[in-house]
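Place chain B on chain A using the hints.
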Amino acid sequence: MENSAEMQRFIEQEQQKAMMSEMIGKLTSVCWDKCITGTPGNKFSSGETTCLTNCAQRFLDMSMIIAKRFEMQ
Amino acid sequence: MDSFSSPSSSGSPASSEQLMEQIKAQLAQAFAQEFLETVGNKCFAKCVTKPGTSLSGSESSCISRCVDRYMEATGIVSRALFSPQR
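Protein chains in written order, with the numbering used here: chain A, 4 to 76; chain B, 47 to 132.
Keep in mind that the hints were calculated from the coordinates and are not lab data. Keep in mind it's a predicted model, so treat the numbers as computed, not measured. Glycine included, C-beta positions come from ideal geometry on N, C-alpha and C. You can take every hint at face value.
Dumping the calculated BS3-like pairs for lysine-lysine here, alpha-carbon to alpha-carbon at most 27 Å:
#: 1; chain 1: A; residue 1: K29; chain 2: B; residue 2: K92
#: 2; chain 1: A; residue 1: K71; chain 2: A; residue 2: K29
#: 3; chain 1: A; residue 1: K46; chain 2: B; residue 2: K96
#: 4; chain 1: A; residue 1: K20; chain 2: A; residue 2: K37
#: 5; chain 1: A; residue 1: K37; chain 2: B; residue 2: K96
#: 6; chain 1: A; residue 1: K46; chain 2: B; residue 2: K92
#: 7; chain 1: A; residue 1: K29; chain 2: A; residue 2: K46
#: 8; chain 1: A; residue 1: K29; chain 2: B; residue 2: K70
#: 9; chain 1: B; residue 1: K70; chain 2: A; residue 2: K20
#: 10; chain 1: B; residue 1: K92; chain 2: A; residue 2: K37
Not the full set, but computed from the structure, chain B residues with beta-carbon under 10 Å of chain A:
#: 11; residue: I69
#: 12; residue: A76
#: 13; residue: F77
#: 14; residue: F81
#: 15; residue: T84
#: 16; residue: K88
#: 17; residue: C89
#: 18; residue: C93
#: 19; residue: D114
#: 20; residue: R115
#: 21; residue: Y116
#: 22; residue: A119
#: 23; residue: T120
#: 24; residue: V123
#: 25; residue: L127
Chain A extracted, bound-state conformation (with noise of 0.2 Å):
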């Protein structure tokens, strides 16, 4: 009982780790897109290092607001 109680938060666990880093993935790969238009340099630009920081919390904003739309269905 005590293993399968344990089994179950670590699968938990390991699913919202899963869930978190696909997020950032795929975050990180719009935005990549979205910012880092020319050839990558030796650093980013402030405007570029702005952009991806922008991007990723607008991206959150909107998942909120398509969320909420979702639910008033």
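Quick look at chain B alone, frame taken from chain A:
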């Protein structure tokens, strides 16, 4: 590997911990593979615009910078998700 040849004693703490470690290792590997595939696609698109008979020096250094930048971008996006600003 020894863990594959030893008899499974289901229910004992040692084997379920081993299982959890194996699962974590496999998940990490799967994630790493997916990440590498994404980086490869992005950087090939950015750096190898006209494939020749071998990778030129500038293509190689572009790829190297691209991989570094993509890893950096992953970090920036991760931090942006965990510290939202208003």
